[in-house]
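Read off the chains here:
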Amino acid sequence: MSPGSSTQAVHFGNTRLPEEQRETLRKAKKLEWITIAFLAVTVALVYLVLGNSQAMKAAWIEDMLSFLPPIAFLVAARVIRKPPTEQHPYGYHRAIGIAHLVAAVALLVMGTYLLVDSALGLITAEHPTIGGVELFGRTIWLGWLMIGVMLLIAAPPVFIGRAKMKLAEKLHDKVLYADADMNKADWMTAVAAAVGVAGIGIGWWWADSVAALVISASIANDGVKNLRGAVSDLMDARARTYDNARPHPLLGRIDDFLNATGWVGEAKSRIRDEGHVFHVESFVVPREGSTPTAEDLEHLREDCVDLDWKIQDLVIVLVPELPEEFLPGVETGGED
Amino acid sequence: MVMLAVAPLLAGCGASMPADPNGTLQEITGGTLQVGVTAAAGEEGDWVQLQPGAEPAGIEPDLVRGFAASREATVEWTGGTEHELVDDLEHGELDLVIGGFGADTPWTKHAGMTLPYMETKDERGKTVKHVMLTPLGENAFLLALDKYLQAQELQS
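Going down the list, the sequences are from chains A and B. Counting in the working numbering, the first sequence runs from 761 upward without gaps. Counting in the working numbering, the second sequence runs from 8 upward without gaps.
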């Protein structure tokens, strides 16, 4: 399985993607391009009817920020294909973590800014002014156009988000997951803005600021959630599933497989989640009286790698007893 | 789902949207339109001419009189500097301020503005989009004024 063995193959570093993941990656890229195209239309449409509504401004900025995750994903998907080099012996997998972090910080900063801005509008009792607009020779209230545009753009991201969510699981891609999660919640932003404008329409000047507060809170919340995820990944926290819901099951599978091998007395591994693929260090204590050869070790390593496409970079260390130093919690049996 | 969330809000109030939080349009209809005027006359047009002892004259006072007539309102004129007039507008003492304002007016934090009702070129060849200033957030009044101004055939 050397890199570049086939022109058709797609690699993440040294890892050659299986058929299913290759197909998933292709679909994910297509969906991200669709997202970018949709966002470009959305941003232009909303800009045209922006007016003086704070809620519309917040929704517009959220749409602008929504460009970041798809772009981060597409850039990272390119960078992580590079095989490891002398300068980067672990490969380029971490690119996706960096992209994730950058997107998270942008969300948090903009969300906080809008939160303060909208709160100030509410405190100083700013009455948003929305007048008429010329449309086909008639003068109508601009608010109607705002509501129309927001309702028009509310639904599509939900479907795109759902489709991406499925792919994120197969690819074990947290940026894609975060992006899908945001898309799924996007309709609420659009509806909140529409309700805010409708509120202005019936003379509730505060409705706009309140809607803007709701939208900015959701942006800031996305930022915090993503920041937490991105930082814990870059900090080499224990590998978790793509949605961070539970520890990744692969860890248990590797240890079970090692322990089931004839000459192994006891084995435990630690995993670094590199974004898509895992880097694994397995500590193996040979059964008493058995003396494994270098070939035995190499076979065991190859069998482990064959367990799942995500395992590629795996090292086996032969030890007389499991080192607490490298495997915290080994003596207490660990907690799950 | 989206429609469900907003539909009742729209259906209940569709007829009177937008509304004024402070009821300006209702107050001036058949009542008094309080207008702030500041002189603005130049090469590109006589927007507002002020003569002691006479009613304000020019393009904008004529438009305001027309609008007031359409709402059966009498106009009460108040003179002053832009600063004073915008301040009065913000505090609800005036309903409208005219004085040759362009759409790029720096007063937008303190006043709403109408759609441009006319475009001219200033002496530097820059396009000026002429607007009037209204109280912030009085959207029904603003829309009524916008509709009136857009319906006028104005030649620049």
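Check the hints yourself; a few may be wrong.
As the list claims (entries may be wrong) - DMTMM-like mimics (lysine to aspartate or glutamate), calculated; alpha carbons at most 20 Å apart, straight line:
hint: 1; chain 1: B; residue 1: Lys116; chain 2: B; residue 2: Glu130
hint: 2; chain 1: A; residue 1: Lys930; chain 2: A; residue 2: Asp1003
hint: 3; chain 1: A; residue 1: Lys944; chain 2: A; residue 2: Glu929
hint: 4; chain 1: A; residue 1: Lys926; chain 2: A; residue 2: Asp877
hint: 5; chain 1: B; residue 1: Lys133; chain 2: B; residue 2: Asp111
hint: 6; chain 1: B; residue 1: Lys136; chain 2: A; residue 2: Glu894
hint: 7; chain 1: A; residue 1: Lys790; chain 2: A; residue 2: Glu886
hint: 8; chain 1: A; residue 1: Lys926; chain 2: A; residue 2: Glu783
hint: 9; chain 1: B; residue 1: Lys136; chain 2: B; residue 2: Asp53
hint: 10; chain 1: B; residue 1: Lys116; chain 2: A; residue 2: Asp877
hint: 11; chain 1: B; residue 1: Lys154; chain 2: A; residue 2: Glu894
hint: 12; chain 1: B; residue 1: Lys116; chain 2: A; residue 2: Glu783
Stated by the list, open to error - Covered, in the sense of this in silico footprint (three residues per stretch, anywhere, with C-beta under 8 Å from a C-beta of chain A), are these stretches of chain B:
hint: 13; segment: 62–74
hint: 14; segment: 129–136
Said to hold, decoys possible - Here are a few chain A residues that sit away from chain B, every Cβ distance over 12 Å (derived from the structure):
hint: 15; residue: Thr784
hint: 16; residue: Ile796
hint: 17; residue: Ala800
hint: 18; residue: Ile858
hint: 19; residue: Ala866
hint: 20; residue: Gly891
hint: 21; residue: Arg898
hint: 22; residue: Thr899
hint: 23; residue: Gly961
hint: 24; residue: Ile962
hint: 25; residue: Asp968
hint: 26; residue: Asp1016
hint: 27; residue: His1039
hint: 28; residue: Thr1051
Since the hints were derived computationally from the structure, they do not count as laboratory data. In this text, a Cβ means the ideal position worked out from N, Cα and C, and glycines have one as well.
Now the hints, each set against the structure:
no.: 1; hint: Lys116/B with Glu130/B; verdict: violated, 27 Å
no.: 2; hint: Lys930/A with Asp1003/A; verdict: holds, 11 Å
no.: 3; hint: Lys944/A with Glu929/A; verdict: holds, 15 Å
no.: 4; hint: Lys926/A with Asp877/A; verdict: violated, 36 Å
no.: 5; hint: Lys133/B with Asp111/B; verdict: holds, 12 Å
no.: 6; hint: Lys136/B with Glu894/A; verdict: holds, 15 Å
no.: 7; hint: Lys790/A with Glu886/A; verdict: violated, 43 Å
no.: 8; hint: Lys926/A with Glu783/A; verdict: holds, 13 Å
no.: 9; hint: Lys136/B with Asp53/B; verdict: holds, 15 Å
no.: 10; hint: Lys116/B with Asp877/A; verdict: holds, 14 Å
no.: 11; hint: Lys154/B with Glu894/A; verdict: holds, 9 Å
no.: 12; hint: Lys116/B with Glu783/A; verdict: violated, 53 Å
no.: 13; hint: 62–74; verdict: violated (count 0)
no.: 14; hint: 129–136; verdict: violated (count 0)
no.: 15; hint: Thr784; verdict: holds, 29 Å
no.: 16; hint: Ile796; verdict: holds, 23 Å
no.: 17; hint: Ala800; verdict: holds, 22 Å
no.: 18; hint: Ile858; verdict: holds, 36 Å
no.: 19; hint: Ala866; verdict: holds, 27 Å
no.: 20; hint: Gly891; verdict: violated, 4 Å
no.: 21; hint: Arg898; verdict: violated, 9 Å
no.: 22; hint: Thr899; verdict: violated, 4 Å
no.: 23; hint: Gly961; verdict: violated, 4 Å
no.: 24; hint: Ile962; verdict: violated, 4 Å
no.: 25; hint: Asp968; verdict: violated, 9 Å
no.: 26; hint: Asp1016; verdict: holds, 45 Å
no.: 27; hint: His1039; verdict: holds, 44 Å
no.: 28; hint: Thr1051; verdict: holds, 67 Å
Checked against the numbered hints above, the structure violates hints 1, 4, 7, 12, 13, 14, 20, 21, 22, 23, 24 and 25; every other hint is satisfied.
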